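**Student:** So the sequence shown is numbered by our numbering: it starts at 30 and just counts up by one.
Possibly wrong hints are sitting among the right ones.
Taking CB as the label site, the calculated pair distances span [stated by the list, open to error]:
{"#": "1", "residue 1": "58", "residue 2": "121", "range": "26 to 32 Å"}
{"#": "2", "residue 1": "150", "residue 2": "41", "range": "31 to 37 Å"}
{"#": "3", "residue 1": "41", "residue 2": "143", "range": "17 to 23 Å"}
{"#": "4", "residue 1": "104", "residue 2": "79", "range": "19 to 25 Å"}
{"#": "5", "residue 1": "143", "residue 2": "104", "range": "17 to 23 Å"}
Think about it this way: if two alpha-carbon atoms lie no more than 30 Å apart in a straight line, the pair counts; the simulated DSS-like pairs of lysine-lysine are [what the hints assert, rightly or not]:
{"#": "6", "residue 1": "87", "residue 2": "52"}
{"#": "7", "residue 1": "43", "residue 2": "123"}
{"#": "8", "residue 1": "95", "residue 2": "41"}
{"#": "9", "residue 1": "87", "residue 2": "64"}
{"#": "10", "residue 1": "51", "residue 2": "41"}
{"#": "11", "residue 1": "43", "residue 2": "62"}
{"#": "12", "residue 1": "51", "residue 2": "95"}
{"#": "13", "residue 1": "125", "residue 2": "95"}
{"#": "14", "residue 1": "51", "residue 2": "123"}
{"#": "15", "residue 1": "125", "residue 2": "52"}
{"#": "16", "residue 1": "41", "residue 2": "64"}
{"#": "17", "residue 1": "43", "residue 2": "125"}
{"#": "18", "residue 1": "41", "residue 2": "147"}
{"#": "19", "residue 1": "52", "residue 2": "107"}
{"#": "20", "residue 1": "127", "residue 2": "41"}
{"#": "21", "residue 1": "64", "residue 2": "127"}
{"#": "22", "residue 1": "144", "residue 2": "107"}
{"#": "23", "residue 1": "127", "residue 2": "95"}
{"#": "24", "residue 1": "123", "residue 2": "147"}
{"#": "25", "residue 1": "64", "residue 2": "123"}
{"#": "26", "residue 1": "95", "residue 2": "147"}
{"#": "27", "residue 1": "54", "residue 2": "144"}
{"#": "28", "residue 1": "87", "residue 2": "125"}
{"#": "29", "residue 1": "123", "residue 2": "107"}
{"#": "30", "residue 1": "51", "residue 2": "147"}
{"#": "31", "residue 1": "52", "residue 2": "41"}
{"#": "32", "residue 1": "95", "residue 2": "54"}
{"#": "33", "residue 1": "64", "residue 2": "51"}
Hints were generated in silico from the structure; no laboratory data involved. All of these numbers come straight from a predicted model, not from anything done at the bench. Heads up, the beta-carbon is just placed ideally off N, CA and C, and yes, glycines get one too.
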Amino acid sequence: MKGALDTVEETKEKIFVYGTLKKGKQFNYLLSKAKFIGDAETVERYSLYFDGIPYLVKSDEVSYVKGEVYDIDSEMLKMIDAFEDHPNYYVREKIKVKLTGGDILSVWAYFFPEKRGKLIETGEY
Numbered sequence: 030m031k032g033a034l035d036t037v038e039e040t041k042e043k044i045f046v047y048g049t050l051k052k053g054k055q056f057n058y059l060l061s062k063a064k065f066i067g068d069a070e071t072v073e074r075y076s077l078y079f080d081g082i083p084y085l086v087k088s089d090e091v092s093y094v095k096g097e098v099y100d101i102d103s104e105m106l107k108m109i110d111a112f113e114d115h116p117n118y119y120v121r122e123k124i125k126v127k128l129t130g131g132d133i134l135s136v137w138a139y140f141f142p143e144k145r146g147k148l149i150e151t152g153e154y
């Protein structure tokens with residue numbers, strides 16, 4: 030017999046992706062079991078750099094970075110942390126993003142600690 034706790038749905042986390050995890054990019058398959066929420070851009074300005082892969086950096090407020098938001102479970106978050114080598118390479122932090130429809134969400138995003146490569150002034154990879 031199943032108890033009441035067995036029917037509780039696992040808490041979902043929201044993740045903002047701006048690079049190789051986006052639809053049409055080479056590592057989007059890692060989010061194949063995630064629920065796509067929508068296109069979004071950051072509420073604050075950040076810097077997006079490219080050096081073979083994109084890097085989100087906090088140091089300069091250049092542009093609103095464009096990306097996508099997904100609902101993921103805790104297991105998928107652990108898998109994405111491993112993929113991004115958090116906290117050794119990228120560092121995962123909470124930020125606010127604005128969906129295309131106007132809703133503002135608190136989401137996880139992965140930052141790089143320093144500038145690297147060429148600045149993407151438009152904020153879109």
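**Student:** Hints first: check each against the structure and report whether it holds.
**Tutor:** Status of each hint after checking the structure:
1. Separation of residue 58 from residue 121 is about 20 Å and departs from the stated range, judged on CB atoms against 26 to 32 Å.
2. Checked against the hint of 31 to 37 Å, the C-beta distance between residue 150 and residue 41 comes to roughly 33 Å, which is consistent with it.
3. A C-beta distance of roughly 31 Å is found between residue 41 and residue 143, which places it outside the suggested range of 17 to 23 Å.
4. Between residue 104 and residue 79 the CB atoms are about 30 Å apart, so this pair departs from the stated range of 19 to 25 Å.
5. Against the hinted window of 17 to 23 Å, the Cβ-Cβ separation of residue 143 and residue 104 comes to about 30 Å, which falls outside the hint.
6. For the proposed pair residue 87 and residue 52, the alpha carbon gap of about 24 Å is at most 30 Å, so the pair holds.
7. A threshold of 30 Å between alpha carbons decides the hint, and for residue 43 with residue 123 the separation of about 10 Å falls inside it, so the pair holds.
8. Taking the CA atoms of residue 95 and residue 41, the gap is about 22 Å. The hint holds against a cut of 30 Å.
9. For the suggested pair residue 87 and residue 64, the alpha carbons sit about 27 Å apart, so the restraint of at most 30 Å is met.
10. Taking the CA atoms of residue 51 and residue 41, the gap is about 19 Å. The hint holds against a cut of 30 Å.
11. Under the criterion of a C-alpha separation no larger than 30 Å, the hint pairing residue 43 with residue 62 is consistent with the structure, at around 13 Å.
12. A threshold of 30 Å between alpha carbons decides the hint, and for residue 51 with residue 95 the separation of about 10 Å falls inside it, so the pair holds.
13. For a cut-off of 30 Å, the pair hint linking residue 125 to residue 95 stands: about 12 Å separates their Cα positions.
14. Taken as a hint, the residue 51 and residue 123 pair is honoured in the structure, with Cα atoms around 18 Å apart against an allowance of 30 Å.
15. Between the alpha carbons of residue 125 and residue 52 the distance comes to roughly 21 Å, so the proposed pair stays at or under 30 Å and holds.
16. Between the alpha carbons of residue 41 and residue 64 the distance comes to roughly 10 Å, so the proposed pair stays at or under 30 Å and holds.
17. As the CA atoms of residue 43 and residue 125 are separated by approximately 11 Å, the hinted pair is consistent with the 30 Å bound.
18. Proposed proximity of residue 41 and residue 147 is contradicted: the alpha carbons are some 34 Å apart, above 30 Å.
19. For the hint pairing residue 52 with residue 107, the CA-to-CA distance comes to about 20 Å; that is within 30 Å, so the pair holds.
20. With a C-alpha separation of about 18 Å, the suggested pair residue 127 and residue 41 falls inside the 30 Å cut-off, and the hint holds.
21. Straight-line distance between C-alpha atoms of residue 64 and residue 127 comes to about 17 Å, which keeps the hinted pair within the 30 Å bound.
22. With a CA separation close to 26 Å, the supplied pair residue 144 and residue 107 stays within the 30 Å bound.
23. Among the hinted pairs, residue 127 with residue 95 is consistent with the structure: their alpha-carbon atoms are about 10 Å apart, no more than 30 Å.
24. Of the supplied pair hints, the one linking residue 123 and residue 147 holds, its CA atoms being roughly 25 Å apart against a limit of 30 Å.
25. A C-alpha spacing of about 19 Å is found between residue 64 and residue 123, which places the hinted pair at or below 30 Å, so the restraint holds.
26. Note on residue 95 and residue 147: the hinted pairing holds, with a Cα-Cα distance of about 17 Å set against a maximum of 30 Å.
27. About 22 Å separates the Cα atoms of residue 54 and residue 144, which keeps this hinted pair within 30 Å; it holds.
28. As the CA atoms of residue 87 and residue 125 are separated by approximately 13 Å, the hinted pair is consistent with the 30 Å bound.
29. Taking the CA atoms of residue 123 and residue 107, the gap is about 15 Å. The hint holds against a cut of 30 Å.
30. Pair hint residue 51 plus residue 147 holds up; C-alpha atoms about 20 Å apart against a cutoff of 30 Å.
31. Proximity of residue 52 to residue 41 is assessed by CA-CA distance (about 20 Å); at most 30 Å being required, the pair is judged to hold.
32. As the CA atoms of residue 95 and residue 54 are separated by approximately 14 Å, the hinted pair is consistent with the 30 Å bound.
33. Note on residue 64 and residue 51: the hinted pairing holds, with a Cα-Cα distance of about 13 Å set against a maximum of 30 Å.
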